[in-house]
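Asker: Residue numbers (this note's numbering), protein chains in the order written: chain A, 1 to 274; chain B, 1001 to 1274.
A few of these clues could be false.
Said to hold, decoys possible - No farther apart than 30 Å at their CA atoms in a straight line, the calculated lysine-lysine pairs in the DSSO-like style are these: (1) K266/A / K166/A; (2) K1244/B / K1232/B; (3) K1167/B / K1244/B; (4) K166/A / K1118/B; (5) K174/A / K1085/B; (6) K1118/B / K265/A; (7) K266/A / K1118/B; (8) K1232/B / K1255/B; (9) K266/A / K174/A; (10) K174/A / K1255/B; (11) K265/A / K1255/B.
As the list claims (entries may be wrong) - Residues from chain B that keep clear of chain A, each with C-beta distances beyond 12 Å, as calculated: (12) T1040; (13) S1043; (14) D1045; (15) T1047; (16) R1057; (17) D1089; (18) R1121; (19) F1124; (20) R1197; (21) E1212; (22) R1229; (23) A1235; (24) R1241; (25) E1242; (26) G1259; (27) S1262.
The hints are simulated quantities; they were obtained by calculation from the structure and are not laboratory data. From the three backbone atoms N, C-alpha and C, an ideal C-beta is built for every residue, glycine too.
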Amino acid sequence: MTDVTSIQTQARAMRLPKLGRVRVLVNAVIGMSGLLVLWWLGGRYVASNPNMMAFTNFAPTPTLARLVQMFASGEVVDMALPSLSRVGYGLLYATAIGVPMGILVGRGPRLNEITNVPFQFMRMISPLAWMPIAVMLFATWDAAIIFLITMAALWPILFSTAAGVKRIDPAWLKVARNLGANPFHMLFTVILPAIAVDVLMGIRLALGVAWIVLVPAEYLGVSSGLGYAINDARDTLDYSRLAATVVVIGMIGFTLDSLAGLLVKKFNWMRGGH
Amino acid sequence: MLTNPIPERQALRTLPRSGAHLAVRNLSHTYRWTQTPVLTDISFDVTPGEIVALLGRSGCGKSTLLHMISGLSQPSAGEVVIDGKTVTDSSPRWVFMFQSPSLLPWLTVAQNVAMGLKFTRRSFEVPQRVPEVLDLVEMGGYADRNVQDLSGGQKQRVALARSLAPKPEMLLLDEPFSALDAFTRRSLQSEVRDIARELGLTIVMVSHDVSEAVRMADRAILLDSDPGRLVKDVAITLNERERKNSDGRYHTELKTVMGMYSAIAGETMGPVLD
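Okay, chain B solo, but in the shape it has when bound (with noise of 0.2 Å):
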């Protein structure tokens, strides 16, 4: 079912090869009502094409931080810069996929994939551009069914193809995989890899699962929480057949990055798994 990494994939021709450049710089955030600091002094950078998962425990602050990258929400200080302009809104140029497919229930598959060609005033992309992002997340024949039908994964699926649909230069990622099963999760994990590297996408990704972080980013950044900042940036050096194969440098790299993260969430990890 999901074995050729990259099929041929038509599609791509019209698809962007550039992602965009991120840059955070000093951001801080308190919550308005309670004056909580959830966020202090936070700078990176996400270069074009590259995979950076923010790593860190529930309450460090990460959902928020992937909420300001994406002009959701504001910063209480310092700004969100994507090549080259402060973020000041939402924009489908970089598009947020969350935890929860969230699909339109009264929609289509390819309803729900065309929304955001439609809201850009795209809509004479749709007939061509939904069934090629629907292609390339291996949900073809799944155009006219009613979305209520597919198991969680191919929701998963579907938004994943709404969000690559009006061809966004940026993926926010915030734990879209947590509610899948293991086998589902490691598959979409993967394939999420090859078709932004395919495309050229930035990704940023928010986790508190080290296995997803080192299996799909280029880069992992470490927060500490209360008040959330930036401990660490760890670069992930696994090739592609690494990745997939869980070999012996990816446990090895799992073990390092999972031992940083263990000294920071102030806690032992259990035996790792995978």
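Just chain A, with the same shape it has in the complex (with noise of 0.2 Å):
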């Protein structure tokens, strides 16, 4: 029996051998690549071209040189402070009510009824489309611009949540409340971390939406954060900075989207993956 079980570790361990990973990361770097030879070719298209000649400076070369630029001169964490901290607000808020609400649909099944139509009809409205209420129900832009991201966030968090809690043990429940767990224990020591995973997959798909969202949010009256960056280079003609911008977009969205897949990574216990 032993011996079968310690095989069977042993064959889960070797799963993703050494070759594999590195052939991954091969694969990374040429799918990357390409990107940047499309991105070439289209500058190449638009310097030969006479009457996109003011577009120039949207090519790999002056961009990349500005984007270093920007990183030396700390303009990059200036601009991008004022978003992290716009989402990171608006995340926390959604997790807040997202995960207890998640809880309490996933485990009453009357009040998932109830709540189902309501919440779906909710989820499909653009978080965009409440802009206008958000800047007359907030006296500052920053926190219609938190609200905005706060309602885009939530959705996926909450049913990510009450899909966890459905998928709950009932047997875990009943054998806690045999051993005589309070309300507490159960929360803490079977609920909680049973739906750790997709509380935090929750969090992972809304982190991607809040960040799509929060750009065309700071379009809108804030004078800092990555949103106005893109507006501002755009009003200045300073096309470098604008594309530098959106590269800028792109590397702290999939880094957080890559830190939030290691945490999910860390929390997943079922063996195998998800």
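Using the hints, build the complex out of the two chains.
Answerer: Here it is, written out as structure tokens:
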């Protein structure tokens, strides 16, 4: 019995051999190089067309040169920090509302039936559609943007939490109750650890949506952040800065998503992934 | 592997030596929604340290009866009295074991076993108690293993250790071995009997397997279905050697109980295989 188990464990550890990881990395580099080549070809085309001479700074060379300069001067940090703070608050509020609501909806079939249609309805409204209302509702532009991000991030967190709660084995709760668990134990020993992965996967999805909503939300009112930087660069015809900001948005978004992915992996108790 | 029925178990010094006295008094139950009667006027006693099997076809309400004994659900009429007190709620003094081990998959073997002690504010006992019960179920070397890497039989052993950790006075077994292969099932059956006798634990077990009842129990209570009622209460007078070796006396006893069971179940059983 023991031998069989240890062999199984070894087999599991060997599932992704080193060679496989190297291959994944090589393929990622190939993919990114392809993207860079397409960008370069686009730049060449623009440069060769007399009507588009004004836009040559969108090409990789001026953009990347500008990007290095923006990193060196600290400009990247200056424009990213307000955006990150807005997304952070939005996610925080969405989690604070979405997780408890998701647990309630997941635990009560009746509540699930009552809330399902209105929630699905609300989910399909573009968060940006709330913009005028948000502006009227909140005294500051910052608060309005955080509200929009919260509205965008709430649904994935809520639905993912509820789905996780529904998958909890009722026998776990029965065993815990039989062994003397109070409601506090139930929540912190059984329910929350059981749904940790689902909550984090919801937050990861929410992060993606929030990051997308952020830029257009920052087009209005505020004078800081990545969305503002894009608008500002367009108005001042500073196209290498505009393109460099676009790259920064992609880089930060990719990094945040990867970090969230690592977190999901760390908290995933299921063997062989979700 | 599972040869020594009772190896040296220093563990036993701290384990309880007396089981609970159980009295089921005129217990009836009707499902609230469908108004279907499932159990009618059931009364029986189980003396401390006795092992009693409730035998009946699926649907005779034996599992419902066991839930009511445990306090996980309440009967519509009659009462369950343990050591002179009417049972109104589940308690870690009488622990339920299900067909599925229902271990929390994000915890290690030792953490699963420690659950009951933590819930009942006896965390200080964990360092001594957990290795003790793991040794008792012959899983001493597995404390830090992920429960998802264990075989079905090993998982059920861990579940048994988890049930024994809070020093219960009674175990309630709901066909806990029915999902295991024949070999593992048989060794666990005799081990559970050995452990229970050694600790003086009272056991009430539910089964539809007559050979399991004859091998493990001191008494078999036969239930008829639609609605479930007590039909026969048979003493099984085999000594430990006769139970283990399945000798002549075992087969005579098995045939007797099998005959009664078939008469109640209203169908002839297949040939007795073991």
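Asker: None of the hints should be skipped; say for each whether it holds.
Answerer: Do the hints match the structure? See the list:
no. : hint              : result
1   : K266/A / K166/A   : holds, 22 Å
2   : K1244/B / K1232/B : holds, 25 Å
3   : K1167/B / K1244/B : holds, 26 Å
4   : K166/A / K1118/B  : holds, 26 Å
5   : K174/A / K1085/B  : holds, 22 Å
6   : K1118/B / K265/A  : holds, 28 Å
7   : K266/A / K1118/B  : holds, 25 Å
8   : K1232/B / K1255/B : holds, 15 Å
9   : K266/A / K174/A   : holds, 27 Å
10  : K174/A / K1255/B  : violated, 36 Å
11  : K265/A / K1255/B  : violated, 55 Å
12  : T1040             : holds, 26 Å
13  : S1043             : holds, 24 Å
14  : D1045             : holds, 23 Å
15  : T1047             : holds, 23 Å
16  : R1057             : holds, 23 Å
17  : D1089             : violated, 9 Å
18  : R1121             : violated, 9 Å
19  : F1124             : holds, 16 Å
20  : R1197             : holds, 23 Å
21  : E1212             : holds, 21 Å
22  : R1229             : holds, 26 Å
23  : A1235             : holds, 29 Å
24  : R1241             : holds, 26 Å
25  : E1242             : holds, 28 Å
26  : G1259             : holds, 35 Å
27  : S1262             : holds, 32 Å
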